[in-house]
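Enquirer: The primary structure of each chain is shown beneath.
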Amino acid sequence: MKQFKAVLFFYVKILIPTVIISTLFAFSDRYVSGLMPVASQISTQIKPELFSLRLFVISFYCFALLFHYIVYEVRYKNEYYFYYNLGLSKLSLWVSNLILTSIITTITVVLWIIFI
Amino acid sequence: MDNLHIDSVLKSYGHNQILTDIFLSVEKGEIIGLLGRNGSGKSTLLKLVFGSIVADRKFVKVGDKRINNLAESINVISYLPQHHFLPNHIKIKTIVDLMCNEKQKNIILSNELIKPHINKKSNQLSVGERRFLEIMLCAFSKSTFSLIDEPFNGLAPKYKEEVKDIIKSQIKEKGFIVTDHDYRNIMDIATRIIILYDGGIKKIEKTEDLIYWGYIPDNM
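Chains as they are written, first to last, in the working numbering: chain U, 2 to 117; chain X, -15 to 204.
A few of these clues could be false.
Unchecked claim - With a straight-line cut-off of 16 Å between C-alpha atoms, the simulated EDC-like cross-links for lysine to aspartate or glutamate are:
no., chain 1, residue 1, chain 2, residue 2
1, U, 91, X, 56
2, U, 6, X, 81
3, X, 126, X, 81
4, X, 126, X, 86
5, X, 148, X, 172
6, U, 3, X, 5
7, U, 3, X, 86
8, X, 186, X, 5
What the hints assert, rightly or not - Listing some non-contacts, in silico: residues in chain U with all C-beta distances to chain X over 12 Å:
no., residue
9, 87
10, 89
11, 92
12, 99
Treat the hints as calculated values from the structure; they're not laboratory data. Cβ coordinates follow ideal geometry from the N, Cα and C atoms, glycine included.
Based on the sequences and whatever the hints tell you, model everything.
Expert: Written out as structure tokens, the structure is:
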């Protein structure tokens, strides 16, 4: 239970910037699509939306991994020792990041389907 | 689980052999003072034993349990790195709660130097206060053996005395390997002193041995 709690604390530090940047990306779809003529030709059926769920999910995965790298591998490397002392290895923290990111994106997609 | 057995530790970076066939045994109730010049491999040895870096070869056993990686060292070996390691986005009382059991938690949170800061985050503490908290967390952790890297670095004399008392008070519960360049304080608390020299371990019995192994100049 304590390990699970520690993983959540680990993830929160990545989650906040990831949500902000991914949301901005998702809202920028109609502007970005216009800049990518090839992509818009391929997906002529898909009209640029105010909020693109597809872009949100893709950018959420990318930025969760990118912020993990920037925050823990570059900026606060030594914080790994806190998690090591709780029996969490670097590999288990990367895997936890992927699992939690998958859970969050899945919940977002399900809520989107239900309510929108 | 009263014995930490470290054997056949080999580590090299490129062609530079840092540790050559290290053997060390620590009993519960012992404080091993590990000395050595800068770059002699003290921190590397502690990290290898803890499992946070990979050795070329090592055999680490606590009691009958073989320790191969970090997951196996949980509740058996704790490690205090030489630089601050507490996350700066978690409150101190939550950190203590995560790392300690109820009894140890109460001891730490009731400490006069920690008590005023329990609702703060670690980055709101001074360097010395933060280091003192980290040492307490390591000394009062659930593990049977604690590896402490440079505990006296950046501490005021008052804190240093407190740290020595804390470590000494915990030897009934666990064994320690402590390394620091403040060798006088290490000599005060250690039950046995060793020095890392040329990749191997040498026993220190008197201050003259430190001169012999080139750790302190002979005019001291």
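Enquirer: Next step is simple, just say for each hint if it's right about the structure.
Expert: Each hint tested on the structure:
Taken as a hint, the residue 91/U and residue 56/X pair is honoured in the structure, with Cα atoms around 14 Å apart against an allowance of 16 Å. Restraint check for residue 6/U and residue 81/X: the C-alpha separation of about 11 Å stays at or below 16 Å, so the hint holds. At most 16 Å may separate the alpha-carbon atoms for a hinted pair to count; residue 126/X and residue 81/X meet this at roughly 12 Å. For the suggested pair residue 126/X and residue 86/X, the alpha carbons sit about 10 Å apart, so the restraint of at most 16 Å is met.
For the given pair, residue 148/X sits about 8 Å from residue 172/X by alpha-carbon distance, which is consistent with the 16 Å threshold. About 37 Å separates the Cα atoms of residue 3/U and residue 5/X, which puts this hinted pair outside 16 Å; it is violated. Proximity of residue 3/U to residue 86/X is assessed by CA-CA distance (about 13 Å); at most 16 Å being required, the pair is judged to hold. Only pairs whose Cα atoms come within 16 Å are accepted, and residue 186/X paired with residue 5/X is accepted, the gap being roughly 12 Å.
For residue 87/U, the shortest C-beta to C-beta distance to chain X comes to about 6 Å, within the 12 Å cut-off, and the non-interface label is violated. Under the 12 Å C-beta cut-off, the non-interface status given to residue 89/U relative to chain X is violated; the minimum distance is some 8 Å. Non-interface status of residue 92/U relative to chain X is broken: a Cβ of that chain comes within 12 Å, the nearest being about 9 Å off. For residue 99/U, the requirement that its beta carbon stay farther than 12 Å from each beta carbon of chain X is met, with the minimum near 18 Å.
Figure legend: structure checked against the earlier numbered hints; hints not met, in rising order: 6, 9, 10, 11.
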